[in-house]
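> The chain contents come next:
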Amino acid sequence: MATGEIHVFLVDDHRLFLSGVRSELGSDFIVDGEASEVDDAIALIRDTRPEVVLVDVHMPGGGGAAVIEAVLRTHPDTRFLALSVSDAPEDVIAIIRAGARGYVTKTIAPLELADAIKSVHSGDAIFSPRLAGFVLDAFGGNGPEIGDPELDLLTNREREVLRLIARGYPYKEIAKHLSLSVKTIEAHVSAVLRKLQLSNRYELTRWATERRIV
Amino acid sequence: MADIAPAADSDRASSARVSDGASPHQPSPPGPAAELRHRSERPQPPARGFALFVRSPSDRVLTGVAGGLAAVSGLDPLVIRLAFGVLALAGGAGIVLYLVLWSLSGEGSPHAALSLSRRAATQRLIAVGLMLTGTLLLLREAGLWFGDALVWPGMVAAVGSTLIWTRSDADERARWSRLASRLPGRPVETVLRGKVSPLRVLGGGFLIVLGMAAFLAAHDAFAAIRNVLFAVAVTVIGVALVFGPWLWRLARQVSDERRERIRSEERAEMAAQLHDSVLQTLALIQRTPDREEAVALARGQERELRAWLYGRAGKTDLVSAALDQMADRVEQLHHVPVETVVVGDTRMDDRIRAVVDACGEATMNAAKHSGAKQIAVFVEIEPDRVTAYVKDDGRGFDRSEIPGDRRGITDSIEGRMQRNGGSASIVSTPGEGTDVQLELTRR
Chain A
1 MATGEIHVFL VDDHRLFLSG VRSELGSDFI VDGEASEVDD AIALIRDTRP EVVLVDVHMP
61 GGGGAAVIEA VLRTHPDTRF LALSVSDAPE DVIAIIRAGA RGYVTKTIAP LELADAIKSV
121 HSGDAIFSPR LAGFVLDAFG GNGPEIGDPE LDLLTNRERE VLRLIARGYP YKEIAKHLSL
181 SVKTIEAHVS AVLRKLQLSN RYELTRWATE RRIV
Chain B
1001 MADIAPAADS DRASSARVSD GASPHQPSPP GPAAELRHRS ERPQPPARGF ALFVRSPSDR
1061 VLTGVAGGLA AVSGLDPLVI RLAFGVLALA GGAGIVLYLV LWSLSGEGSP HAALSLSRRA
1121 ATQRLIAVGL MLTGTLLLLR EAGLWFGDAL VWPGMVAAVG STLIWTRSDA DERARWSRLA
1181 SRLPGRPVET VLRGKVSPLR VLGGGFLIVL GMAAFLAAHD AFAAIRNVLF AVAVTVIGVA
1241 LVFGPWLWRL ARQVSDERRE RIRSEERAEM AAQLHDSVLQ TLALIQRTPD REEAVALARG
1301 QERELRAWLY GRAGKTDLVS AALDQMADRV EQLHHVPVET VVVGDTRMDD RIRAVVDACG
1361 EATMNAAKHS GAKQIAVFVE IEPDRVTAYV KDDGRGFDRS EIPGDRRGIT DSIEGRMQRN
1421 GGSASIVSTP GEGTDVQLEL TRR
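Line order of the protein sequences matches chains A and B. All residue numbers for the first sequence refer to this note's numbering, where the first residue is 1 and numbers rise by one. All residue numbers for the second sequence refer to this note's numbering, where the first residue is 1001 and numbers rise by one.
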């Protein structure tokens, strides 16, 4: 876990929400700055070098994904946590594939948000039950995969972990359930995140686009 | 003809009955207009006298006689209309027949057309064709005739038109009319869509051309036709040069207007949606002193708005929709947030419904008794099985110490699953919440 304060940066085009989050974040965090436009955000983040960026999914000018991609090109160490009111599968999957380490909805309680930022800061992935469900859906079935089979399929253990997340268990209880350490669970989740970001599994993209029609 | 009468009567009786309760086939618009129509649909007073069949008010070109006959016979109204048309060529017999039938028919009430199997419909079609041919031959013998050169080509062309435009299959006919109503001014697309179309269109088109050619040949018109074609072509080009740009602009204007109309309709729909739901809920929240209740209202509204935004509204037959509905109910009643996650979302069937209902019981249970701050429902549908979990972070319980009423609910979860060939297990430790696990193998 982090020692000292964590430097965060807020990107959201809703001013009201920005000030809300700012006041909610306790003394464990230092807000380096905030931005409400994509271009501003990219420039300011590069200037201030925050450790964790909270970024809204929906913003004019490319949305959160554009910010993440641009910043990661020059500052690959920056960690992103996506925040949104949308839980449309295609939005969520898109922002994760752009490079966010996790995704939470804006209705999240202040304490949970603080925990999520800390987890992302220490390199873990944040999977909400809903995101876990999406991933299980997206990697579901044994359809034809292209490219790297290691990236294109989830291991049974990873599936188990995702199922427990989707069932609403916190990592600690999942660890107990599976008789594993919390670190191992975190490693599994990070592996799933990596697969989600790097897999070019045909079905993954198709799944996301087809969701609108189904 | 005689066998049609009783069918028509019983048909009318049933349609009158149906219209008393809103019929699924013919949803009647509410309001005074419906009242009015309703009254006119009552069985005809005896003064009106005997009616062989009822004219169709919904499917009509002139008075609905053909539509009514079609509904009674199960044939496409087009066939009847063409038959009248051909008979009209035979010395006006069709017109006389139409008038006679009209006088014998009753005031119409809408009812679903008789739907026949493909084979039965084809048989009737052939029967009508033979009857028509026989009648024509009879009229010809009697001298009621406009001449071979007119009637027979007309008959051939009518058969061709029937081939193209009629669909014996009821399903297909429904699809057809849906298509036609969506593409009003596009006969070509309407014709070319569909499985059996190419063959039918080819055959029908051939017959129509044959009919026209026979007609022209019989009138020695082929010699003149080249000149006529040339004149027509020149005229068309001339008209196009004169009116073309204007027509083009008119068409563009029409499509612009249509797009604008669609856009404003969408805006109106969105305004209606937001007004009925979001604004109402916001007003309610402002009037709600209780925070928990306000949160429950907001959550319910959020769920509804999401479903609408992401196009899930109206897809009530999906498992996710049923679960959302269940979660909404629990939240409204007990003000406990319920998070639902569905993997492998699919349409509901009876057995999945049993799982969803059991989930609902378990969720309601948790909300009522456990004091949980959050309930998580997870349902995974795989090709061979359905698994569901309901987890709460409440106070949990010891199964040996559960009070009577709770035992009943537990039994109803387990009993329901067992009746449907599944199983349920409830894991709970006092102080650590409860996890209900449901499983069902799918056939």
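Check each hint, because a few of them may be wrong.
[To be verified] In silico EDC-like cross-links for lysine to aspartate or glutamate, where the CA-CA straight-line distance does not exceed 16 angstroms:
hint : chain 1 : residue 1 : chain 2 : residue 2
1    : B       : K1373     : B       : E1339
2    : A       : K106      : B       : D1393
3    : A       : K118      : A       : E186
4    : A       : K172      : A       : E112
5    : A       : K172      : B       : D1393
6    : A       : K106      : A       : D77
7    : A       : K176      : B       : E1432
8    : A       : K172      : A       : D115
9    : A       : K172      : B       : E1432
10   : B       : K1373     : A       : E112
11   : B       : K1373     : B       : D1393
12   : A       : K106      : B       : E1339
[Claimed, not checked] Residues of chain B placed beyond 12 angstroms of chain A at every Cβ, according to the derived structure:
hint : residue
13   : F1230
14   : T1288
15   : Y1310
16   : V1356
17   : I1375
In case anyone wonders, no lab produced these hints; they're calculated from the structure. Glycine residues also receive a C-beta, built at the ideal position from the N, C-alpha and C atoms.
> Taking the hints in turn, state whether each one holds.
Taking the hints in turn, this is what the structure says about them:
Of the pairs offered as hints, the one joining K1373/B and E1339/B holds, with about 11 angstroms between alpha carbons and a cut-off of 16 angstroms not exceeded. About 22 angstroms separates the Cα atoms of K106/A and D1393/B, which puts this hinted pair outside 16 angstroms; it is violated. Restraint check for K118/A and E186/A: the C-alpha separation of about 13 angstroms stays at or below 16 angstroms, so the hint holds. Simply put, K172/A and E112/A have alpha-carbon atoms about 14 angstroms apart, close enough for the 16 angstroms limit, and the pair holds.
Our distance criterion of 16 angstroms between C-alpha atoms is met by K172/A and D1393/B, whose separation comes to about 14 angstroms. About 24 angstroms separates the Cα atoms of K106/A and D77/A, which puts this hinted pair outside 16 angstroms; it is violated. About 13 angstroms separates the Cα atoms of K176/A and E1432/B, which keeps this hinted pair within 16 angstroms; it holds. At most 16 angstroms may separate the alpha-carbon atoms for a hinted pair to count; K172/A and D115/A meet this at roughly 13 angstroms.
With a CA separation close to 13 angstroms, the supplied pair K172/A and E1432/B stays within the 16 angstroms bound. Taken as a hint, the K1373/B and E112/A pair is honoured in the structure, with Cα atoms around 14 angstroms apart against an allowance of 16 angstroms. Between K1373/B and D1393/B the CA atoms are separated by roughly 7 angstroms; this keeps the pair inside 16 angstroms, and the hint holds. With a C-alpha separation of about 14 angstroms, the suggested pairing of K106/A with E1339/B holds against the 16 angstroms cut-off.
F1230/B, annotated as away from the interface, keeps every beta carbon of chain A farther than 12 angstroms; the closest lies near 52 angstroms. With a closest Cβ-Cβ approach of about 18 angstroms to chain A, T1288/B is found to remain outside the 12 angstroms limit, as its non-interface label requires. The beta carbon of Y1310/B is not kept farther than 12 angstroms from every beta carbon of chain A, the shortest such distance being approximately 5 angstroms. For V1356/B, the non-interface assignment is confirmed: its Cβ lies about 16 angstroms from the closest Cβ of chain A, beyond the 12 angstroms cut-off.
Against chain A, the non-interface label of I1375/B is violated: not every CB pair exceeds 12 angstroms, the least being about 8 angstroms.
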